[in-house]
Amino acid sequence: MSRPAVNILFNTSGNDVVCSNPAGDSNFILFGTGDKLVWRDAQQMTGDLISGASYPTIIPASGDLDAAKMFLMDFSTGLYDQIILAGSTLNSGTGGNYRYVCAAWFSGVTVTIPYLEAYDDNTHATWESEPLGDGTPANSVFKAITTTNGLPGSATWAGTPLAGTDSRIALDTVPIPSAQYVYWNMRQVLSDWMASWPTSAWYNNDLVFAIHFTYN
Amino acid sequence: MWKINLFLEDGKVLELGDVRTSKPGWGESSPTKIAKMEFSFVGKEYEKQQPMKLILAGMKEYNFFVEAMKSVVNGKLTIKGLWFLGKIPNTNRITGFVIQDSMKIINAVEGREFNGGPTAGWKQGIPGTVVSTIVKEVL
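Chains F and L, in that order, are what the protein sequence lines are. For the first sequence, position 169 (counting from the first letter as 1) is numbered 169 according to this note's numbering, and the numbering increases by one without interruption. Add 1000 to the 1-based position in the second sequence for this note's numbering, that's all there is to it.
Possibly wrong hints are sitting among the right ones.
Each computed SDA-like pair below joins lysine to any residue, with the alpha-carbon atoms no more than 25 Å apart [as the list claims (entries may be wrong)]:
#1 L:K1076 to L:W1002
#2 L:K1076 to F:Q180
#3 F:K36 to L:T1078
#4 L:K1076 to F:V38
#5 L:K1044 to L:I1134
Some chain L residues near chain F, calculated using beta-carbon distances under 8 Å [what the hints assert, rightly or not]:
#6 K1023
#7 W1026
#8 G1027
#9 E1028
#10 F1064
#11 F1065
#12 E1067
#13 M1069
#14 K1070
#15 V1073
#16 N1074
#17 F1114
#18 A1120
FRET-style restraints, in silico, Cβ to Cβ [what the hints assert, rightly or not]:
#19 F:T77 to L:K1044: 41 to 49 Å
#20 F:N205 to L:N1005: 39 to 47 Å
#21 F:N122 to L:R1112: 27 to 35 Å
#22 F:T77 to L:S1040: 45 to 53 Å
#23 F:T156 to L:V1109: 32 to 40 Å
#24 L:Y1046 to F:A61: 50 to 58 Å
#25 L:K1003 to F:G78: 40 to 48 Å
In case anyone wonders, no lab produced these hints; they're calculated from the structure. Computed from a predicted model, the values in this text were never measured in an experiment. Just so it is clear, CB atoms sit at the ideal spot from N, CA and C, and this is done for glycine as well.
My request is simple: use the sequences and hints to build the entire structure.
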């Protein structure tokens, strides 16, 4: 079938409910051109101005620490909007056993199972940067879990590291048979060894998440 | 150019849409049994543009699809590959080609033909005829 439209949406309410409208509803915001995803310290709040103070995540002195909050930087409003249900409770994370957090709506069929993947930049060609594991996909700081067909199963879900096609998540168990939503949850893990990264790696703005799919 | 021609059991030729558009036409087509699939495109050989033709024939079933990537961050859609597949009669093998930055030959077990996963949308071929997987320059 012809190429399906793919809309990306994020749940910015505290309600763990399905998305009811591909253009967004009272819980889900349609990700717009220019919007960004960021993880921030607990001091950052929904409604904060993007042009205002930002509270970056802090690398732990030892061990691992989940980033406190995931935000949609909504450039249409100029505001931070927290994705409240994102993440798990591992490493003092503030998420949980939540299902309807991040969504992609397909307007029609795909030939293969769609995947969520992470890349160094918008060419979707490499996954070698420090945040994506610096050549070791298991060390990617981004972890995700598919929730299209059920809850993560535990508030302490770990997820799969995201690094190109080496480590990714299938967003369903079969190719998309007709218009439908797929869902996932995700977290960012900060580790003490990140302190050895060059500053440019901490502030890497080129990273992208991508939906890998097919049509005919 | 950039369109798939399906040579059918009844001698007719079915031309599909331009694979570079959002409507390649494979999914909407309902061909009778396919004897041969041909695809004409412009490749690059020794840094020179070269018209080429890809041919699959004699397969039990055929498939075609476009591999794409939608960026979550800016919504940009990128075409990553064009896949042409055939199921070899009397085996559980799948052969064919994928055109990406370069062209690769596919040799996979059924159900693992796309990066280790299955594909949907197969159309009936005519097993019993000569099996061919060819890419040739068009002079």
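Status of each hint after checking the structure:
no., hint, result
1, L:K1076 to L:W1002, "22 Å, holds"
2, L:K1076 to F:Q180, "21 Å, holds"
3, F:K36 to L:T1078, "19 Å, holds"
4, L:K1076 to F:V38, "19 Å, holds"
5, L:K1044 to L:I1134, "16 Å, holds"
6, K1023, "4 Å, holds"
7, W1026, "4 Å, holds"
8, G1027, "3 Å, holds"
9, E1028, "7 Å, holds"
10, F1064, "5 Å, holds"
11, F1065, "4 Å, holds"
12, E1067, "5 Å, holds"
13, M1069, "5 Å, holds"
14, K1070, "5 Å, holds"
15, V1073, "5 Å, holds"
16, N1074, "6 Å, holds"
17, F1114, "5 Å, holds"
18, A1120, "5 Å, holds"
19, F:T77 to L:K1044: 41 to 49 Å, "46 Å, holds"
20, F:N205 to L:N1005: 39 to 47 Å, "45 Å, holds"
21, F:N122 to L:R1112: 27 to 35 Å, "29 Å, holds"
22, F:T77 to L:S1040: 45 to 53 Å, "49 Å, holds"
23, F:T156 to L:V1109: 32 to 40 Å, "37 Å, holds"
24, L:Y1046 to F:A61: 50 to 58 Å, "57 Å, holds"
25, L:K1003 to F:G78: 40 to 48 Å, "46 Å, holds"
Violated hints are absent here; each numbered hint is respected by the structure.
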